[in-house]
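**Q** Chains P and Z supply the protein sequences, listed in that same order. Under this note's numbering, the first residue of the first sequence is numbered 3, with each subsequent residue one higher. Under this note's numbering, the first residue of the second sequence is numbered 5, with each subsequent residue one higher.
Be a bit skeptical, because a hint or two may be false.
Mimicking BS3-like on lysine-lysine, the simulated pairs with C-alpha atoms at most 30 Å apart in a straight line are [unchecked claim]:
1) P:Lys160 to Z:Lys529
2) P:Lys31 to Z:Lys300
3) P:Lys31 to Z:Lys384
4) Z:Lys217 to P:Lys160
5) Z:Lys458 to Z:Lys403
6) Z:Lys284 to P:Lys160
7) P:Lys31 to Z:Lys403
8) Z:Lys149 to Z:Lys112
9) Z:Lys280 to P:Lys160
10) Z:Lys122 to P:Lys31
Just so you know, these hints were derived from the structure itself, not from any lab.
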Amino acid sequence: MLTFLMRRVAWSVVVLLFASLLTFFIGYKVPANPARMIAGPNATAETVRSISHQLGLDQPFYVQYGRFLGHAAQGDLGRSYKTEQQVLPTILQRFPYTLALALGGLAFEVLIGASVGLLAAGTKLRAVDGLASTFVLLTLAVPSFWLGIILLYVFGFKYPILPLGGAEAGPISLLLPALTLGLSGAGYYARMGRASLLEVMGEDYIRTARAKGVSPGRVMLKHAFKNALRPLITMTALDLGVLLGGALIIEQVFGWPGIGTLAWQAVQNIDLPMIMGTVLFSALCIVVANILVDVVYSWVDPRITV
Amino acid sequence: MIKTAVLSALGLSLSLSLGSALAASTVTVSYPSDFQSLDPAIGYDVQNWPVEHALFVTLLTYDKGTNLRPWAATDLGQISKDNKTYTFHLRKGIAFQDGEPTDAAAFKYAFERVLDPKTKSPQGGTGGWFGNLVGAADFVSGKAKNVSGIKVIDPSTIQFQLIKPDRTFLNVLATPFASAVPRKAVEKWGSDFSHHVVANGPFLLDSWVPGQKVVLVKNPTYFDKANAAQIDRIEFSLGLSEQVALLRAQRGQVDVLGNGIPSAQFAAVTSNPQYKSYVKSLVQVGTEYVFMNTQKAPFNNKLVRQAVSLAIDKARMVQLVNGRGKTTGQILPPGMPGYDASIPVGTQDVAKATALLKQAGYVASQTLTLITTADEPGPKLAQAVQQQLAAIGMKVDIKALPGAEYINTITTPGATSIGISAWFQDYPDPSDFLDVLFEAAYIQPGGFNLSAYKNPAVDQQLQALRGQPLKQALPGYQKAQKQILADIPWVPLYNTVQYNFINPRLTNTDLHPVWNYVYQDWKVK
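With the rest of the complex left out, here is chain Z (with noise of 0.2 Å):
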């Protein structure tokens, strides 16, 4: 037993390294686990994209909000008559931090990076976001040693060519997988080159021991001095359960929650007032939702899904969240364009409900089983959808899996039946949500049309509509939504609003709907 005086004493040495005051200009961000990658070809999840965003630069990126703006282009580029090439005048005086240039060639060098099948991309190969440039199958085929679609014009000018007019094509541009990469620096690391990332961005990485701590220091040469950091240095503490890293925000020895405040502390931390200038919140744009299978008994049954519709009661999922969710009738989310303000929520019908699945002859005797995550809320979402489908006869059993598990159970063709998930956007347009997960062609195993909906005039509507304009198509994707709505694949749940604990000495630290945390813009009070 430790007595007390040895503790006193402890106490007295180490109150200064414990305490709770944080160097001026230095910001500490805490995340459970460490980041899987800072390559920008390779790290692709909340946690790894802000931090490339603040290591990397683009041709575009966002403003404050889902306006595309130049980054390392001069302007938002020269598109042609076809919409089919996009022509970009780089800034000049772009370098990373070993002094390689930032041209027309370190883009072209990682975008064919990207496409190269060894690189190991999630975003490689033609079914990725760069298939669609010409001569990219041949590339990746090993056909061809270099991409035919993108052309060094000079070392300020590049010139991509699209098989197909894509009016995504400038968001992915913004990406993380967009990024130029120092050709000499990767081809040197290879595999390691995420822990020994040399940056033109806004910060630089200085250091990072795998499991505990990666630190992010302001680049003295990053070129556009006007957008520089506003901070020195940033920690993030990694490996600390979410308890724990709560405990050290409130002690001040934490800035931010990287993944917010955690779910069984949300109450207290949220209704005590000391917190109120700490807590800061965002709908997200994402939907949670329940998906039927189209193609399977007995969810091939249309009827049987609007009963099932009818059954939800979507209130007391958010209630189930803690209340960190917006009840939704719609797929496109707050904050997409062509969300729908006039789309109604729908509401709760038990008695209709029922009498709807008398109606298309539902069996009551067999039992269905409703796949969920592992992960907080999804078994308990999945309860309340059990005991709500058990009030108007229907017998559900809940699996509720691990990730890999679960990702690859409910990406399957044909292995589920009904289950719940969530899709949150990689850019802001509708496509990323209505071309992903509703057109035939992601029926396949790793697709993500999870309800195997087929509908052959939504599919031709969704692809006339990627090659025009987004202003001009969104009146089309409504229309779609509203046929997709209609057919009822989906139970649309909620949105999920996201509750970040920040500490108010940061200011300039709105969430931001694409990159969450934009950490270039934070300063300290």
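For reference, chain P alone in the conformation it holds in the complex (with noise of 0.2 Å):
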């Protein structure tokens, strides 16, 4: 197990390298000057060049990076170019908004999608199963900007009993873009549920085991779930991954400070410190979350060793 985590924490390291190589190659590449951001549009061209000058951007591109390098291994992800506010705790300061976001909108995303998809598969009824696959094909096909401002118009607008984007309002803030997410993620583990059920409904221990007079509902709730479920872990593990880089679309529908919104807003400025803090907590986060689901593996499966 250790030398398992050991090896996954060095790939892991090496996954962490390459995401910043490849960002800071793209930022470095994009015909834009980040010193004309921070001056602005009207500023002279001297002191465009003075500020170039002053962030090293004038320097090649392997002397930018090596000292990128040696100040992140530090813990200094640096200033952004915008606001000279130091990226890490930037990022920090959004990441619980960015956690209760993925938290919630991955509880939906389970709750409905799992719950839809298994329902779909075990009770075998052609209506149920239809319904079923009318609710996952509306919630893939809907895109969820769309949907968002549907919600808020409806529950926040019209009839105003949620808040009206934000986070200002508190937890309760949460629910429309959590919900939002949820379902249009909801789909997928649906369909995933169903597919998953089916097949482990057709396997011989499930055969088994009504042949030796287990009741269908004992069949169903003992063997075949939990098989079942399997593979929904792996998806919302690496969901949660995803999730925690930032929900983009999501956070800018609904006003949500998150990381997601902080990325955006800093890859419309070209602002590059803070693009390379948040490309690499986003990768971070899937890499910690691929690793988890290795270990959760084992531990539903004992036959899974790590």
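Combine the two chains into a complex, taking the hints into account.
**A** Okay, structure coming up:
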């Protein structure tokens, strides 16, 4: 177990290094001068040159990247070109919002999606299966930004029982963005849950259990569901990793102050330190989620060793 | 699925917090993005400036229009006969909230801080607005420890010496870059001063939650009691999309949409009688235009430029921005001294344009690239220009670039042939348009002479006009503008009309030509 973890951590470092190199290279090659963004559109050319020099933007790629890595190794991701705020504390300040949205969205995804999928496969009723398929199609087809706006309009404006975007109203502000996020992803869970349960139901051990006279409910709960949930665990953990990097569109629609919004604004401003920070943070979340999947897998299915 | 009963219960418990009633003396303004910086040496855009103007005091400022009036100074200053020395006496009793006096030394420190390259101010270095001060170059290069052209005569008197006469120095003194700042606090916080502002203006910074909220509160010790803030608190709600902010404003949860009415909802809002009293408009002191590179084929041929100018239907452009513009035929916008109402807008003449293009020997097989910003209304305008130029036989591809890349491309000499851009005033002086946009000196990386316009006679005239009093110089500027227009480096399209959504419970909210919003003037009914 320990060897496995050490190997995975080593690989993770390589992945993060590669992600940082690629992002830095793209940022370096974008034909836009960050010094101009700092100075503003009306600033003189001399001012732009001076800022460029101070930030070391006039130095070769390898010098700039090397300096970034050196500082990053000490936990210093630099300061935003746009706001001059330190990158890491800014990301950490936004993280609780992203974490709340990710967990809330994931809870809705899993609860709604897995329930629909398992119900569709478990009941074997055509009508239920048809309804589930419609639900899957709808959630996959409706764009999340549109769904978000409609929910905001209905529950925030027309019948103002929930906050109209933002996070200032406290935990209740989370309900609509998390529900939107959950509904947008629930279709995948429903499809996966349904397919997984149908596959499990055809396994020999299910037939054996039935032949032994085990009640259908017990077969379903004790044998089928547990095994059908396995792929959903993988999906959930990977989803969590992705969502912790920021749910960009949902955050934008709802004005949710998470990492996704921060990343989006950084890209718009060619704010390289902030882009690097948010990309690395997202990559770290995905890498950690992957390791967790392996560990949880071995816990759910003792046949799998890590 | 959430049951209706649950929603009803939630509704009951939340009705107070989500209701439409706003606290009487608290005003809410929304912006889709956070403030860049509230440090007056750094923050430089339409969102930052009005707030900096509410937090920090300058020597001079503007009245309700564009006339200068004293603020921290006792009068408009004494100007020497050679127009190079400006002396100001300061009003007594002005202090920052931490008790540090706003005296001549505080102003000198602030000016030197802007000049210092370490500050990374947009107006830093000798190329910035303070670069004309005697000794600025030595200070910037590190040869001198202070700027010899800024003299603290006594705590209440400050004197500025310019290298060459420049009338606009008085306007510069009214910009936030010329705000006094408290030395102790700035040295304590360094780059983080923006988030720990120590102010002396009508408002103080109460709190700033990045990406979410900025709160200003009335300054109880503001020196000018007669012009003190009329409201107790302004909350800036940040990060909301424009559509959601509009819904909040319609619900009464937001008083003012900082960026105005969103384009997509413009027609619906302005045509709704319910919101008639909410909509306020102002013709902005700015011009939207098509520029052509006068040094590069095919636009180095004046006949081609003339053909383009006749091919474009300006009224159509205004239609495309939902009527939020006023067609123009000149560079200077209304409200800018030197604006000449007698200059015609010009009408589209496709037949004449086609003939001119033929006369110029234009080869129709070549395809040109038109650069525009990816932000609205750039792509819409570019498509219209593309269609209108196609009608006279010019093939144009559109390249819509995001903000930073767009500015970098258009300000790289020789990188563009034709493009769409806009320019808005920093201060009400024609040199802020004609010098910056047409002097040959501004054909350099980062410079805004986008059409690479070169006319030595115009250069000479503009330089001479800068040293003259504005009233005396205006005929010269009008003549220079006419000459530039005759050379056709631009096709001026329209002057943007800004439509804002302001809750009528607020009064005294007329949009200001320089500041847009003057928060200290706002009142709640």
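**Q** If a hint holds in the structure, say so; if it does not, say that too.
**A** Hint check results:
no., hint, in the structure
1, P:Lys160 to Z:Lys529, "holds (27 Å)"
2, P:Lys31 to Z:Lys300, "holds (26 Å)"
3, P:Lys31 to Z:Lys384, "holds (28 Å)"
4, Z:Lys217 to P:Lys160, "holds (25 Å)"
5, Z:Lys458 to Z:Lys403, "holds (26 Å)"
6, Z:Lys284 to P:Lys160, "holds (25 Å)"
7, P:Lys31 to Z:Lys403, "holds (18 Å)"
8, Z:Lys149 to Z:Lys112, "holds (12 Å)"
9, Z:Lys280 to P:Lys160, "holds (21 Å)"
10, Z:Lys122 to P:Lys31, "holds (26 Å)"
In this structure, none of the earlier numbered hints is contradicted; all agree with it.
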